[in-house]
Amino acid sequence: MKRHFYAFAAIVIFFASAFTAFKSVDWKIADSYSIKFDGGDPSGEFKGLKGSISFDPNNLKASKFDVSIEVATINTGNGMKNTHAKSEKWLDAEKYPLISFTSKEITKGSSGYEAKGTLNMHGVQKEITLPFTFDKDIFTGSISVNRMDYNINTAEPNHGAQIMKVDIQVPVTK
Amino acid sequence: MFKKDFTHGIIAGILASIAGIIYSRVYLFANEADFSKIVNLFSIIGVNLSASILIAFLHTAFVKWMKKNAELVFNLTLSVLSFSLIVIPVSITLPLNIEFPELFPGLVVPMLFFPSIAWFTINPIFGNSDKG
Numbered sequence: 001m002k003r004h005f006y007a008f009a010a011i012v013i014f015f016a017s018a019f020t021a022f023k024s025v026d027w028k029i030a031d032s033y034s035i036k037f038d039g040g041d042p043s044g045e046f047k048g049l050k051g052s053i054s055f056d057p058n059n060l061k062a063s064k065f066d067v068s069i070e071v072a073t074i075n076t077g078n079g080m081k082n083t084h085a086k087s088e089k090w091l092d093a094e095k096y097p098l099i100s101f102t103s104k105e106i107t108k109g110s111s112g113y114e115a116k117g118t119l120n121m122h123g124v125q126k127e128i129t130l131p132f133t134f135d136k137d138i139f140t141g142s143i144s145v146n147r148m149d150y151n152i153n154t155a156e157p158n159h160g161a162q163i164m165k166v167d168i169q170v171p172v173t174k
Numbered sequence: 001m002f003k004k005d006f007t008h009g010i011i012a013g014i015l016a017s018i019a020g021i022i023y024s025r026v027y028l029f030a031n032e033a034d035f036s037k038i039v040n041l042f043s044i045i046g047v048n049l050s051a052s053i054l055i056a057f058l059h060t061a062f063v064k065w066m067k068k069n070a071e072l073v074f075n076l077t078l079s080v081l082s083f084s085l086i087v088i089p090v091s092i093t094l095p096l097n098i099e100f101p102e103l104f105p106g107l108v109v110p111m112l113f114f115p116s117i118a119w120f121t122i123n124p125i126f127g128n129s130d131k132g
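Here the protein sequences come in this chain order: Z and E.
Under the numbering used here, the first residue of the first sequence is numbered 1, with each subsequent residue one higher.
Under the numbering used here, the first residue of the second sequence is numbered 1, with each subsequent residue one higher.
Mixed in with the good hints there might be a few duds.
Here are the simulated EDC-like pairs of lysine to aspartate or glutamate, each with C-alpha atoms no more than 20 angstroms apart in a straight line [claimed, not checked]:
id	chain 1	residue 1	chain 2	residue 2
1	Z	Lys86	E	Glu71
2	Z	Lys174	Z	Glu45
3	Z	Lys47	E	Asp34
4	Z	Lys86	Z	Glu45
5	Z	Lys36	Z	Asp56
6	Z	Lys36	E	Glu102
7	Z	Lys36	E	Glu99
8	Z	Lys116	Z	Asp41
9	Z	Lys86	E	Glu102
10	Z	Lys89	E	Glu102
11	Z	Lys108	Z	Asp56
12	E	Lys37	E	Glu102
13	Z	Lys61	Z	Glu94
14	Z	Lys165	Z	Asp56
15	Z	Lys36	Z	Glu70
16	Z	Lys89	Z	Asp41
17	Z	Lys86	Z	Glu70
18	Z	Lys136	Z	Glu114
19	Z	Lys47	E	Glu71
20	Z	Lys174	Z	Glu156
21	Z	Lys61	E	Asp34
22	Z	Lys108	Z	Asp149
23	Z	Lys47	Z	Asp92
24	Z	Lys136	Z	Asp167
Simulated from the structure, these hints should not be mistaken for laboratory data.
Whenever a hint applies, use it, and build me the whole structure from the sequences.
Written as structure tokens, this is what we have:
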């Protein structure tokens, strides 16, 4: 009986540990996140970050980001600019209410990690690589986005900045 | 001459401050927008008193240097100046931690006229009328 118990326990532990090898850690986005963009003029931030973050530094294959921000939450600090940014001419918040990123692969990078995936903005989908670090339960990353690549007010290439530096900081909890 | 204008300016500043404080409270209550980091009791009193004293300086200068139509030109200048200041709250970029910047001009634009309205309101008391 005892011999059977140990054999059974060994099998259970083996399968349980095999299962955890493929399961990543799910994280909840804390409210104190910040998504700031800076193109000189304009610069500002987005709110309304939602989605799922599964990340385990020891199991990058099972890690995945599927997140989005609400375009209507854009804040440049100026009401007039906010209205312009949300208008049809720029981000068209009514037609394209979300900017989303879905990772396809997360790998180790030169100084942290790299999430390769699809950035969906203004109805245009582009493959991007988002370099990021994960330290003390905080994801920190930075990318440059050229609005011309996403057909955002291409009629006026010199009206405001074309390239925006986007700084992302997302504290998470389990 | 300036003593009278200075008193005029101080009283106008106090009246404009009272109007500004009441208006900001009403606006805050109506819109639930909090701009107290920028527009608060101290900034309202400070700006209105400074503006009113500046108006007093301007008035003294106009009356001293213009022999004819000094009051008319001063009143016109003050109105145009107040109106042109609208560009400041409309174009200003607020800190990102302040929500609803769209509502900021609605709070500040009317206040821009308070010092000149207060000045004009008590003008008859100080006997500033254009004698041509």
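* Asked: When you check the alpha-carbon spacing of Z/Lys47 and Z/Asp92, does it fall within 20 angstroms?
  -> This hinted pair holds, its Cα atoms lying about 16 angstroms apart.
* **Straight-line alpha-carbon gap Z/Lys165 to Z/Asp56, limit 20 angstroms** => 27 angstroms, violated
* Asked: Taken at face value, is the distance from the CA of Z/Glu70 to the CA of Z/Lys86 at most 20 angstroms?
  -> Holds, because 11 angstroms separates the two Cα atoms, which is no more than 20 angstroms.
* Assess, step by step, whether the Cα of Z/Lys36 is no farther than 20 angstroms from the Cα of Z/Glu70, and give holds or violated. => 13 angstroms, holds
* Asked: Within a Cα-Cα threshold of 20 angstroms, do Z/Lys86 and E/Glu102 meet the stated pairing?
  -> 13 angstroms, holds
* Quick one, are Z/Lys36 and E/Glu102 close enough, alpha carbons at most 20 angstroms? -> 19 angstroms, holds
* Asked: Taking only the CA atoms, is the gap from Z/Lys61 to E/Asp34 under or equal to 20 angstroms?
  -> The given pair, whose Cα atoms are some 46 angstroms apart, is violated under the 20 angstroms limit.
* Hinted pair Z/Lys47 and E/Asp34, Cα distance within 20 angstroms -> Holds. Z/Lys47 to E/Asp34 sits at ~18 angstroms (cutoff 20 angstroms).
* Regarding the pair Z/Lys174 and Z/Glu156, is the alpha-carbon distance no greater than 20 angstroms? -> Violated - the C-alpha atoms of Z/Glu156 and Z/Lys174 are around 44 angstroms apart, more than 20 angstroms.
* To do: Quickly compare the C-alpha distance for Z/Lys136 and Z/Glu114 to 20 angstroms and report which way the hint goes.
  => Roughly 18 angstroms separates the two Cα atoms, so the pair holds.
* Asked: Is Z/Lys36 within 20 angstroms of Z/Asp56, Cα to Cα?
  -> 25 angstroms, violated
* Taking only the CA atoms, is the gap from Z/Lys36 to E/Glu99 under or equal to 20 angstroms? -> 15 angstroms, holds
This entry does not satisfy hints 1, 2, 5, 8, 13, 14, 19, 20, 21, 22, going by the numbered hints stated previously.
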